[in-house]
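Protein chains in written order, with this note's numbering: chain A, 11 to 325; chain B, 15 to 302; chain C, 238 to 507.
Calculated from the structure, these hints are not laboratory results. Among the clues, some could well be false.
[What the hints assert, rightly or not] Derived list of chain C stretches under chain A, where covered just means 3 residues or more per stretch with a C-beta under 8 Å from a C-beta of chain A: (1) 311–324; (2) 341–350; (3) 353–365; (4) 401–408.
The C-beta atom is built at its ideal place from N, Cα and C for all residues, glycine as well.
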Amino acid sequence: MLLLALALAVVILFVVLRVLGNPVFSLISVGATDAEIAAAAARLGVDRPLWQQFLDYVRQLATLDLGQSFTNRLPVGDEILRRLNVTLPLTLLSFVLSVVIAVPVGFLAAWKSRTWYGSAFSALSQLGGAVPVFWVGILLVGLLSLNWRLFPAGGFPRRDWEDPGAALFALTLPVVTIAIVAGSDLARYVRSATLDVLGQQYLRAARATGQGFGTALRRHGIRNAVVPVISILAIQLSTTFVGAVIIERVFALPGLGDMLLVAIREQDFPSVQGVILFSTALVLLLGFVADVAQRLIDPRLRGTLSGNRRAKAVA
Amino acid sequence: MSTAAVAVVTEPRAPRRARRRSINLAVGAVLFGLIAVVAVVSLFWTPFSPEETGGGRLLPPGAEHWAGTDRLGRDLFSQLMVGARLAMLVGVGSMAIAAVVGVLVGLVAAIAGPLVDDAVSSLLDIAIAFPTLLLAMLIVAWRGASLESAILAIGLAGSAVVARLTRVTAVRVLGRDFVTAARTSGTGVVGIVGRHVLPNVWPTLIVPLALQFGGAVIAEASLSYLGLGSPPPNASWGRMLQEAQSTVTVAPTAALLPGILLVMTIIGINLLADGVRDVADPASRSIR
Amino acid sequence: MTAPLLDLDALGIDLDDRSLVEAVTVSIAPGERLGIIGESGSGKSLTALAALGLLAHPLRARGSARISTGEGTVDAVTAPQRRLDRVRGAVLGAVFQEPLASLDPLMRVGKQLSWPLARHRGLRGDALRRAVLDALADVQLPEPERIARSYIHEISGGQRQRVAIALALAGSPRLLIADEPTTALDVTVQAGVLDLLQREVSERGMALLFISHDLPVVTRMTDRVLVMKDGRQVEVADTATLVSAPVDPYTQQLVAASRALDDLLPEGPR
Numbered sequence: 011m012l013l014l015a016l017a018l019a020v021v022i023l024f025v026v027l028r029v030l031g032n033p034v035f036s037l038i039s040v041g042a043t044d045a046e047i048a049a050a051a052a053r054l055g056v057d058r059p060l061w062q063q064f065l066d067y068v069r070q071l072a073t074l075d076l077g078q079s080f081t082n083r084l085p086v087g088d089e090i091l092r093r094l095n096v097t098l099p100l101t102l103l104s105f106v107l108s109v110v111i112a113v114p115v116g117f118l119a120a121w122k123s124r125t126w127y128g129s130a131f132s133a134l135s136q137l138g139g140a141v142p143v144f145w146v147g148i149l150l151v152g153l154l155s156l157n158w159r160l161f162p163a164g165g166f167p168r169r170d171w172e173d174p175g176a177a178l179f180a181l182t183l184p185v186v187t188i189a190i191v192a193g194s195d196l197a198r199y200v201r202s203a204t205l206d207v208l209g210q211q212y213l214r215a216a217r218a219t220g221q222g223f224g225t226a227l228r229r230h231g232i233r234n235a236v237v238p239v240i241s242i243l244a245i246q247l248s249t250t251f252v253g254a255v256i257i258e259r260v261f262a263l264p265g266l267g268d269m270l271l272v273a274i275r276e277q278d279f280p281s282v283q284g285v286i287l288f289s290t291a292l293v294l295l296l297g298f299v300a301d302v303a304q305r306l307i308d309p310r311l312r313g314t315l316s317g318n319r320r321a322k323a324v325a
Numbered sequence: 015m016s017t018a019a020v021a022v023v024t025e026p027r028a029p030r031r032a033r034r035r036s037i038n039l040a041v042g043a044v045l046f047g048l049i050a051v052v053a054v055v056s057l058f059w060t061p062f063s064p065e066e067t068g069g070g071r072l073l074p075p076g077a078e079h080w081a082g083t084d085r086l087g088r089d090l091f092s093q094l095m096v097g098a099r100l101a102m103l104v105g106v107g108s109m110a111i112a113a114v115v116g117v118l119v120g121l122v123a124a125i126a127g128p129l130v131d132d133a134v135s136s137l138l139d140i141a142i143a144f145p146t147l148l149l150a151m152l153i154v155a156w157r158g159a160s161l162e163s164a165i166l167a168i169g170l171a172g173s174a175v176v177a178r179l180t181r182v183t184a185v186r187v188l189g190r191d192f193v194t195a196a197r198t199s200g201t202g203v204v205g206i207v208g209r210h211v212l213p214n215v216w217p218t219l220i221v222p223l224a225l226q227f228g229g230a231v232i233a234e235a236s237l238s239y240l241g242l243g244s245p246p247p248n249a250s251w252g253r254m255l256q257e258a259q260s261t262v263t264v265a266p267t268a269a270l271l272p273g274i275l276l277v278m279t280i281i282g283i284n285l286l287a288d289g290v291r292d293v294a295d296p297a298s299r300s301i302r
Numbered sequence: 238m239t240a241p242l243l244d245l246d247a248l249g250i251d252l253d254d255r256s257l258v259e260a261v262t263v264s265i266a267p268g269e270r271l272g273i274i275g276e277s278g279s280g281k282s283l284t285a286l287a288a289l290g291l292l293a294h295p296l297r298a299r300g301s302a303r304i305s306t307g308e309g310t311v312d313a314v315t316a317p318q319r320r321l322d323r324v325r326g327a328v329l330g331a332v333f334q335e336p337l338a339s340l341d342p343l344m345r346v347g348k349q350l351s352w353p354l355a356r357h358r359g360l361r362g363d364a365l366r367r368a369v370l371d372a373l374a375d376v377q378l379p380e381p382e383r384i385a386r387s388y389i390h391e392i393s394g395g396q397r398q399r400v401a402i403a404l405a406l407a408g409s410p411r412l413l414i415a416d417e418p419t420t421a422l423d424v425t426v427q428a429g430v431l432d433l434l435q436r437e438v439s440e441r442g443m444a445l446l447f448i449s450h451d452l453p454v455v456t457r458m459t460d461r462v463l464v465m466k467d468g469r470q471v472e473v474a475d476t477a478t479l480v481s482a483p484v485d486p487y488t489q490q491l492v493a494a495s496r497a498l499d500d501l502l503p504e505g506p507r
């Protein structure tokens, strides 16, 4: 299933980028002669029949060769790896922090849902889905970097991770920004999963055998609550990834998002394609992992491969 | 001593919850309504022309320029109003595209055989998991930055969820006995779809489409912020924020107001959607 | 004279400003079998939950629900949860209506059963494993090893309820509370589960609080019956008397309705 999805994505990307957009014209100036156009086309390989281009494309991908950038002729794959140095830590740290924020907030919002602070938490987490992450970034930069001079306003140390301290410092504000927004959104799901579990009768029945509240919750509640949250977590990771892409603009970080934006503007199709393919593969992989994890925890899901969609819908 | 009314054990907080729900609905309606009204008004009147760079640069809010001016001297209030119009356009446009495309795809999946259904469902699963913004960026890369591209991209991205919902409901309805009866009596597929499937499908779509509205507004703002939205003459709150970023310490209003309006719009439509859901299906415990 | 195992005195249950249950006063002596009958919404399940001290948060109990443990009495209305934890399972056991909802869907049956067994009997390792299998055999489940390894969605409804009964009996309670234990089961399976309950109750000398909306079932399982309507108790009497000569008009309606449906109403418990 995963492979099928990936294959489909590859085909779609090819169609969109090569067939529907003609990359030749970005490389030549207006008024070029036919010979010049032909030469440019030959250089890019777009003069050969479509199916041949597709085969080349697939062959390239099989060897993980993502081609060369149109603008600077450097291998796309290498550039992606280089940019990951920034985007990967940014995404992962934001994800972890967002979970750290979301779980207690969501849990408390559910458990103390009738108190004023429980409702306050719920209201706050509603904001999370409504606030644009780049806005929070701008405001935080304005306040903490420019006004109070606590953090750098942007940029990433030239020496990359050779100085981990400086690198982390540069990433602090971006990470916090993404974590706040993604975390409060996640808190909503944690809250509803917790509410769901707290209302479940197996907790009550367990307590009737003499188990304390905490014990019953720990033994039965947590695992049951985790199941729906896992797929949300996978989506959350994708969300923090996208958040990173946007935030890189706010904080002028040389990551994958920056690469994508520049590539789009310069119509550097191999680069655009490379980044999108990478992101797609990442998202699909995450979904797959989440699926596997859910099946491991919940024995009811282990039956069929795709969960027998039609039967499920009618039941 | 009063003989108590019949005790309802399933909805213990009925009175309090009902009150909270109607507050939600009211607040949502007010917030969203405000933005909608501003959007409509902007069609006929704005204090200044949003492109006119006459006023002084980066002026704070004052008597003449109610929200101040941006770094090029344009009136912020007018820009905000036009931004509201754009947000509404984007919301409605992408909602429409998501609805039409989604319902069509969902219906096809439900009606065509299990093979097509499985293929489409797998595609939908991927589409739903794939981040909207990336998809939008891809489409913008292909078609160039413009309002239409943004609306199209966001609408398409949102159609996946609609398609899945449509498919589930359609499959369920088609499996019912009265449909089999209708088919044996010779009613064509189109008739069945029109008379039985669609009326069951569209109520389930109200809330997701409303949520799609909010998502679209944020997605467009993000695209504009990144420079991939509709180009300069069209004011977008996202683009305003991008322009305000460099001068945030000097002119904080320019950076605050567009964001606040964005939040208002989204919360407004979310609360409205919640309120509508509670009214339409009070049995569903609102998990907000 | 022995103290009653469970003594409800003017028990009331409120939700915010509304009273859901009012002035329930009845007691159960050791070994006695009391039934509570009423329609849905009559407050019978809430009463049982109050006796267990398991009312969900916005609901509040008042009055008293005194449980007589070996070393004194505990009032379920006022006692702290920690204290009640020790009483539940060891003195009071409970079986609920929906076995699919009352058991953890993610945990194997044997594992779920092992927790209370380990706690109440202090067993570990092999002894614990054997106790689990014995408990499953005791509730007449065939192939205890297979059941112990299964998840609850892999066994039938009747088997699930038997597991729930085994769970309730793990701590050898003195009083078993059964809240609509067979309502969710197929008719053909109900008789078997009811027989099991009767057997366990008499073999262990337990008291029984049996709650149902089904009069024939209640009369079969109990010596005394309490009738509830709209949160209030309407009549309390020996089962035989209640069925043959109901006093309250509501009880009369109930009995008449049951008779109309089922003319095999016994004259008393078997």
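Taking the hints in turn, this is what the structure says about them:
1. 311–324: holds (count 5)
2. 341–350: holds (count 4)
3. 353–365: holds (count 3)
4. 401–408: Contact hint for the region 401–408 of chain C vs chain A: holds, 5 residues under 8 Å.
Of the numbered hints stated above, none is contradicted by the structure.
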